[in-house]
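Undergrad: One-letter residues, chain by chain:
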Amino acid sequence: MEIGAVIAGLFTLAILTFLYRDNPVYKMAESLLIGVSIGYVLVITWSSTLVDLLFEPLFAQGALSLTLPLLLGLMMFSRFHHRMSFLSRIPIAVMIGSGAGVAIPAMLEQRTLKQMSATVMPLLTTSGRPDPAAIVILAGVLTTLCYFYFSREHKGMLGVAAKIGTYFLMIFFGTTFGYTVMSRMSTFIGRMEFLLTDFLRLTG
Amino acid sequence: MRLQTRHWVFASLFVLIAVVMASGIRLSVPVSPETQRMYDFIDSLPAGAVVLLSFDHEASSLPEIQPITRALLRHCFEHDLRPVGLALLAEGTAIGYRLMQTTAREYGKEYGIDYAYLGFKPQYVAAILSMGESISATFPQDYLGRPYDSLALLHGVENYDDVAAVLSIADGSFTTHWMEYGGRYGVPVIAGVTAAMVTTYDPYLASGQMQAMVGGLRGAAEYEKLLGRKGGGGARGMLAQSAAHLYVILLIILGNVAYFIKRRRSA
Numbered sequence: 000m001e002i003g004a005v006i007a008g009l010f011t012l013a014i015l016t017f018l019y020r021d022n023p024v025y026k027m028a029e030s031l032l033i034g035v036s037i038g039y040v041l042v043i044t045w046s047s048t049l050v051d052l053l054f055e056p057l058f059a060q061g062a063l064s065l066t067l068p069l070l071l072g073l074m075m076f077s078r079f080h081h082r083m084s085f086l087s088r089i090p091i092a093v094m095i096g097s098g099a100g101v102a103i104p105a106m107l108e109q110r111t112l113k114q115m116s117a118t119v120m121p122l123l124t125t126s127g128r129p130d131p132a133a134i135v136i137l138a139g140v141l142t143t144l145c146y147f148y149f150s151r152e153h154k155g156m157l158g159v160a161a162k163i164g165t166y167f168l169m170i171f172f173g174t175t176f177g178y179t180v181m182s183r184m185s186t187f188i189g190r191m192e193f194l195l196t197d198f199l200r201l202t203g
Numbered sequence: 000m001r002l003q004t005r006h007w008v009f010a011s012l013f014v015l016i017a018v019v020m021a022s023g024i025r026l027s028v029p030v031s032p033e034t035q036r037m038y039d040f041i042d043s044l045p046a047g048a049v050v051l052l053s054f055d056h057e058a059s060s061l062p063e064i065q066p067i068t069r070a071l072l073r074h075c076f077e078h079d080l081r082p083v084g085l086a087l088l089a090e091g092t093a094i095g096y097r098l099m100q101t102t103a104r105e106y107g108k109e110y111g112i113d114y115a116y117l118g119f120k121p122q123y124v125a126a127i128l129s130m131g132e133s134i135s136a137t138f139p140q141d142y143l144g145r146p147y148d149s150l151a152l153l154h155g156v157e158n159y160d161d162v163a164a165v166l167s168i169a170d171g172s173f174t175t176h177w178m179e180y181g182g183r184y185g186v187p188v189i190a191g192v193t194a195a196m197v198t199t200y201d202p203y204l205a206s207g208q209m210q211a212m213v214g215g216l217r218g219a220a221e222y223e224k225l226l227g228r229k230g231g232g233g234a235r236g237m238l239a240q241s242a243a244h245l246y247v248i249l250l251i252i253l254g255n256v257a258y259f260i261k262r263r264r265s266a
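From first to last, the protein sequence lines stand for chains A and B. Going by numbering that gives the first Met the number 0, 19 is the number at position 20 of the first sequence; the sequence numbering is gapless. Going by numbering that gives the first Met the number 0, 168 is the number at position 169 of the second sequence; the sequence numbering is gapless.
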């Protein structure tokens with residue numbers, strides 16, 4: 000049996016002991032998992048970010064333009080010094096400014112405008128019959144928007160529409176919750192398959 | 000400590016899944032239109048086309064991600080497409096490489112000619128936008144440290160214009176970023192996602208911003224069926240999943256019955 004499968008199997012069992020109650024074996028496995036994950040990400044980030052994108056081009060290839068991001072990066076560490084901490088505002092301002100500049104147009108287009116245009120569709124099919132999907136989407140969008148309209152009390156027509164909107168919301172939350180349960184169950188089944196097949200070798 | 004109800008629930012679920020999986024019965028699932036759409040999309044790509052495979056997930060979602068990725072990669076290799084892998088999340092890096100390597104081996108595909116792996120690139124927004132200008136400048140070397148130009152497969156692959164589609168394997172919101180920033184360059188985006196993310200991406204599929212999507216263990220099982228493969232990871236898990244879901248439904252009903260009986264008695 001592979002040593003990797005034995006270690007993974009023992010740690011899987013250690014994690015599953017939490018189902019009984021919190022215990023030192025679980026704590027040890029949890030701490031090791033977190034430590035290994037952080038160590039792995041740290042090594043990958045060190046080599047693929049700092050070495051590949053900064054140290055190598057700046058010091059080995061002489062790309063002096065990288066001095067500016069290096070300085071901005073170093074300024075972030077000024078937060079550790081009480082009197083110099085104001086310097087960290089500069090790289091944060093650059094990050095937020097450039098990040099917002101790149102993200103806002105892209106998000107506005109893809110998450111708002113394109114989704115809105117996909118919502119507005121003909122209520123009749125090409126043969127002239129009502130399109131149930133389009134009608135349900137229209138009703139769902141309008142009534143859900145009514146629910147989130149708080150400038151007037153939800154009474155009368157607005158109240159009825161808002162009530163219908165809550166049903167659409169509940170269907171969405173129910174579906175999402177169902178899929179999440181399915182996802183978590185898949186994770187458990189995946190671990191079970193590993194335990195039965197690779198660790199205990201009970202199934203083929 | 001006395002055993003509580005939840006301990007019995009966990010223990011019985013454990014036993015149920017173990018028994019069902021040990022039974023070796025495979026559940027046949029009907030193929031959904033969404034999975035069929037993915038199959039047709041990949042089938043419509045010309046042989047030799049380059050598909051960017053982005054492993055945008057963490058290690059914890061492997062039980063779902065692995066069968067989905069294997070099924071999609073198998074279709075790519077069967078159809079003589081040339082997948083090029085990369086990772087925008089550090090945790091997905093080694094997993095993606097291993098999955099591509101082991102699946103390629105099944106088909107006798109050669110690294111650098113039939114498939115390649117570029118590795119991890121931090122700051123996903125910058126990475127996606129940068130690849131729109133130049134993939135070779137974004138990844139001067141592959142995962143194994145070989146220069147980009149030394150891989151025969153990557154000759155002539157300069158940016159998204161030379162890529163047939165981006166396949167995002169995700170357990171979070173990274174596929175959205177591919178649509179937001181990769182979509183700017185007009186590259187078609189397809190996705191293999193965990194079940195928990197299906198409702199998040201459904202509107203993008205309906206609007207046509209995403210070309211196709213396979214979701215969860217069920218999606219993997221459906222795709223394996225379309226490929227004509229029996230006993231894949233998806234199909235193996237589906238019976239256990241269905242049994243577990245029925246068990247959960249039964250527990251919900253029992254819980255509600257117990258609640259109403261208790262309420263009536265106390266009244």
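Just so you know, the hints here were simulated from the structure itself, not pulled from any lab data. Where hints are given, some of them may not hold.
As the list claims (entries may be wrong) - Across the chosen pairs, the derived CB separations fall in these ranges:
#, chain 1, residue 1, chain 2, residue 2, range
1, A, I103, B, D79, 39 to 47 Å
2, B, R97, A, K162, 32 to 40 Å
3, B, R97, A, L18, 26 to 34 Å
4, B, V256, A, V101, 35 to 43 Å
5, B, Y184, A, N22, 21 to 29 Å
6, A, L112, B, F13, 27 to 35 Å
7, B, H154, A, T124, 43 to 51 Å
8, B, S133, A, I89, 28 to 36 Å
Virtual Cβ for every residue (Gly too), placed ideally from N, Cα, C.
Undergrad: Okay, B/Y184 versus A/N22 on CB: inside 21 to 29 Å?
TA: violated (52 Å)
Undergrad: Range first: 43 to 51 Å. Now tell me if the beta carbons of B/H154 and A/T124 are that far apart.
TA: holds (48 Å)
Undergrad: Could one say that the CB atoms of B/R97 and A/K162 fall in the range 32 to 40 Å?
TA: Violated: the Cβ-Cβ distance is about 51 Å, outside 32 to 40 Å.
Undergrad: Regarding B/R97 and A/L18, is the given constraint of 26 to 34 Å on their beta-carbon distance met?
TA: holds (29 Å)
Undergrad: Assuming the hint says 27 to 35 Å, is it satisfied by the Cβ distance from A/L112 to B/F13 or not?
TA: Violated, since A/L112 and B/F13 (Cβ atoms, about 48 Å apart) do not stay within the stated range.
Undergrad: Should the hint that B/S133 and A/I89 are 28 to 36 Å apart at their CB atoms be regarded as holding?
TA: holds (29 Å)
Undergrad: Do the Cβ positions of B/V256 and A/V101 conform to the proposed distance bound of 35 to 43 Å?
TA: Between B/V256 and A/V101, where Cβ atoms are some 55 Å apart, the hint is violated.
Undergrad: Are A/I103 and B/D79 spaced within 39 to 47 Å by their CB atoms?
TA: holds (41 Å)
Violated hints, listed in ascending order, are 2, 4, 5, 6; each of the other numbered hints is respected by the structure.
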